[in-house]
Amino acid sequence: MKFIVSTNDLLKQLDLVDGVVVSKPLIPILENFLFEIKGGNLKITTTDLETFMTTSLKVEADSDIDIAVPSKVSLETLKNLPTQPVTFSIDEASKSIEINTGNGRYKLTGNEAKDFPKFPELESENSIVLSSKVLLKAINKTIFATGTDELRINLTGVYCQITDTHINFVATDANRLVRVQRKGFKNGFETSFILPKKAMNLLKNALPNDESPVKIEFNSSYAFFSFTGVSLICRLIDERYPDYTAVIPTENPNKLSINRNDFISAMKRVSIYSNKTTNQVRLKIAGSEMTISAEDYDFANEATERLSCNYEGADIEIGFNARFLTEMLNAVDTEEVKMEFSMPNRAGLLLPSENESEEDILMLIMPMMINV
Amino acid sequence: MDAFFASVEQLDNPFLKGKPVAVGGGENRGVVAAASYEARKFGVRSAMSGKIAKQKCPHLIFVRPHFERYREVSGQVMDIFHEYTDLVQPMSLDEAYLDVTENKIGDIYAAKIAKSIKDKIFETTGLTASAGVSFNKFLAKIASDMNKPNGLKVILPKDAQALLDTLPIEKFHGIGEKTAERMRRHGIHNGYDIRLKELDFLEKHFGKAGSFYYHIVRCIDNREVKTEWVRKSLGAEETFDIDIIEPEDLIAQLSIIAKTVSNRLEKRELKGHTVTLKIKYHDFELKTRSKTFTNWINDAEELLAHAIELLYIPELPKKSVRLLGISISNLNNEEQTPPKLSLSVAFDLQLKLPFNDQFLLDSTQALPPNLRNLNQ
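Sequences listed follow chains F and S, in order.
Numbering of the first sequence is given in our numbering, commencing with residue 1 and proceeding in unit increments.
Numbering of the second sequence is given in our numbering, commencing with residue 1001 and proceeding in unit increments.
I should point out that these hints are in silico values taken from the structure, not numbers from a laboratory.
Source: prediction; values computed, not measured.
Positions of the beta carbon are idealized from the N, C-alpha and C atoms, including for glycine.
It is possible that part of the hints are untrue.
[Said to hold, decoys possible] DSSO-like mimics (lysine-lysine), calculated; alpha carbons at most 30 angstroms apart, straight line:
#	chain 1	residue 1	chain 2	residue 2
1	F	Lys-268	F	Lys-255
2	F	Lys-276	S	Lys-1137
3	F	Lys-183	S	Lys-1352
4	F	Lys-284	S	Lys-1352
5	S	Lys-1115	S	Lys-1171
6	S	Lys-1120	S	Lys-1137
7	S	Lys-1318	S	Lys-1051
8	F	Lys-276	S	Lys-1352
9	S	Lys-1352	F	Lys-137
10	S	Lys-1352	F	Lys-198
[Unchecked claim] The following residues of chain S were derived to be distant from chain F, with all beta-carbon distances above 10 angstroms:
#	residue
11	Gly-1210
12	Arg-1231
13	Glu-1269
14	His-1282
[Said to hold, decoys possible] Reference excerpt, derived from the structure (chain F facing chain S, CB under 8 angstroms, subset only):
#	residue
15	Gly-39
16	Ala-174
17	Leu-177
18	Pro-242
19	Gln-280
20	Ser-342
21	Asn-345
22	Leu-351
23	Asp-360
24	Leu-362
25	Met-368
26	Met-369
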């Protein structure tokens, strides 16, 4: 059989699902794209057994076929071709695949489609619908704060907490925490689950930044996302998430408001001088001035910068990991950013100066000890 | 002092005189703190379990220790030392180094001074002591061990080298059973054998102690008699009536021990940076795990949390446990040199969000479900 497709169109879809494929998988068939052509529609599936992802596109096909196509070779080939129509000629019996361009002929061997794991049938218990833009934002604002410690597997994912009226997306690595809250739902049920980081990254790349609806269905083991021709199913992290609400400080008498870009720029410069092991910077806030300083005694390096700010509260000196703080400042969209503190050894709050309607973003960062 | 605790008991209770006596070790699992010379003849030694001691010496009399009384007698003895010199370095309740190079009675013969001190101790307390006299601390200690009890031994400079050369390594103060065994594997059996080895070799195989051995076998020991004794660590431990292995039981015991340590720290206005957990298994295998923190620790709860963490990391005891101990060192009574930032310390600088199950998050090993509510 033969089908014709534009390299560009095919590549776009393969890029979406290729992130699922792991190198050296448990079973070799997982290194393939599953191509299923039916009535001129090419459906592409990838899986690592934890995550399944499919997408589809229209092709000019002379008949139907199911075949597993080695992902690395086919993707590399398409990436290195200029945009043009290519012809795939597949011999069903020998599984030989030939890609023909104007000047070239590339031949590779496919695998039995029936050896490819089946996309799981999900018996969903509940579902919600979000706009793609909202979900994308929630992922972008939380994923960087997830933990990387494989021994604290519950913190490696994004916690999704659904209540009757709102949805919380939470991520923490125990050093900092982000909670993105979306309000204005009428869900009629309450549930929570931990979404693995890998699936979140895949969604981040695949979700369009527009209003198209994303349907999320879930049961106790899986979540199923479907939007604009793409489906993703992922196994949930089967762990208990810590009670994050208990660590959000409520009494924060010291309130700061500062220009976010100025703050980030100063942080970037000053943190060059911080100790490379600790990454520590100190913020000293008094009156309407914030002094950012860092030092590395090993090299006798030090830097100080002063910024004007609005501050209400007692003078405070507090230390932070520059990387953590900068990442969080970057995750805020507003021109001004608010910070709230109680004591130099308690979590500091980082908030946008204003939230979009139906949205509430809260970030927490634990300080580092200074004066030791 | 000779068989100090046991001698005091024999002094205070004439019935015990001339009989094999063990101080401590009478309870089910206790160990002998001290044995009288009569008991030692049967092979009873301090630190021996009461059970074994009884096997070795069936008519052994166990007595409860009276530490207040020992401290009182010790005070009398130390006072006597100070009549001769103020350069007194107490090593324990019943042992001290004295530097009598310059002394208060103006005698130039150290051996005469030693004899005078021994006599005075006997006069005042009714107890005998053994003295060793020589030109450095190491040799003085060796000498004091040579003629026990009620002994006095002088090692003169001209005899020192020959004595050290023939001294079996087990007799070297500071060389224990394990080190001796390792030395024997290298063909080292006495001081002379050590002297044949290069400094590099000794340092490579025995670390810092290697350099010490290298010098002492050449009669070089320049350690001064230090009058000020600075406590390096403080702790408490508990031997259990029955061996335990369940995490709940271990933690319950740690909780009691942590409180004791905390009370002791409070009493002495001490706090420290390093927490050490000591685990002795039923087969007497001894393990210690420790961790250093940047903050000062003296609170029972914090001590307990760290001890529990050490209990779980790297792994929970797989064998039943006979003894647990918690100690704290890097105390605030020494001049502090700021600890060099190691990676783990840098990691500790970053404070963590205080999740209720923080402990669960902090351990590198998940707790069993029955313990998950521990901190809640």
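Right, here's what the structure says about each hint:
With a C-alpha separation of about 23 angstroms, the suggested pairing of F/Lys-268 with F/Lys-255 holds against the 30 angstroms cut-off. Distance check on the hinted pair: F/Lys-276 and S/Lys-1137 sit about 46 angstroms apart at the alpha-carbon level, beyond 30 angstroms; violated. Of the supplied pair hints, the one linking F/Lys-183 and S/Lys-1352 holds, its CA atoms being roughly 29 angstroms apart against a limit of 30 angstroms. This hinted pair checks out: F/Lys-284 and S/Lys-1352 have alpha carbons roughly 21 angstroms apart, not beyond 30 angstroms.
Of the supplied pair hints, the one linking S/Lys-1115 and S/Lys-1171 holds, its CA atoms being roughly 24 angstroms apart against a limit of 30 angstroms. The suggested pairing of S/Lys-1120 with S/Lys-1137 holds, with an alpha-carbon distance near 22 angstroms, which does not exceed 30 angstroms. Among the hinted pairs, S/Lys-1318 with S/Lys-1051 is consistent with the structure: their alpha-carbon atoms are about 26 angstroms apart, no more than 30 angstroms. Distance check on the hinted pair: F/Lys-276 and S/Lys-1352 sit about 20 angstroms apart at the alpha-carbon level, within 30 angstroms; holds.
Distance hint between S/Lys-1352 and F/Lys-137 is fulfilled; the C-alpha atoms sit about 26 angstroms from each other, no more than 30 angstroms. A distance of roughly 25 angstroms separates the Cα atoms of S/Lys-1352 and F/Lys-198; the hinted pair therefore holds under the 30 angstroms criterion. Residue-level check passed: S/Gly-1210 sits 31 angstroms from the nearest beta carbon of chain F, beyond 10 angstroms. Distance check on S/Arg-1231: its Cβ is at least 22 angstroms (rounded) from any Cβ of chain F, clearing the 10 angstroms threshold; non-interface status holds.
The beta carbon of S/Glu-1269 sits about 20 angstroms from the closest Cβ of chain F, which is more than 10 angstroms, so the claim that it is off the interface holds. Distance check for S/His-1282 against chain F: the nearest CB is about 29 angstroms away, which clears 10 angstroms, and the non-interface claim stands. Below 8 angstroms, beta-carbon pairs count as interface contacts, and F/Gly-39 has none with chain S, the closest being about 50 angstroms; its hint is therefore violated. Given the 8 angstroms rule on beta carbons, the hint for F/Ala-174 holds: about 5 angstroms separates it from the nearest Cβ of chain S.
Interface hint at F/Leu-177: satisfied, since its Cβ lies 6 angstroms from the closest Cβ of chain S, which is below the 8 angstroms cut-off. The beta carbon of F/Pro-242 is positioned within 8 angstroms of a beta carbon in chain S (closest approach about 4 angstroms), and the interface hint is therefore held. Interface hint at F/Gln-280: satisfied, since its Cβ lies 7 angstroms from the closest Cβ of chain S, which is below the 8 angstroms cut-off. Annotation: interface hint on F/Ser-342 violated; nearest CB of chain S at approximately 13 angstroms, more than 8 angstroms.
A least Cβ separation of about 6 angstroms between F/Asn-345 and chain S falls short of the 8 angstroms threshold, and the interface hint therefore holds. For F/Leu-351, the interface hint is violated, since its Cβ never comes within 8 angstroms of a Cβ in chain S; the closest pair sits about 17 angstroms apart. Below 8 angstroms, beta-carbon pairs count as interface contacts, and F/Asp-360 has none with chain S, the closest being about 19 angstroms; its hint is therefore violated. The criterion of a C-beta within 8 angstroms of any C-beta in chain S is not met by F/Leu-362, whose closest approach is roughly 13 angstroms, and the hint is violated.
Nearest Cβ of chain S to the Cβ of F/Met-368: about 5 angstroms, under the 8 angstroms cut. The hint holds. Checking F/Met-369 against chain S by beta carbon gives a least distance of about 5 angstroms; that is within 8 angstroms, so the hint holds.
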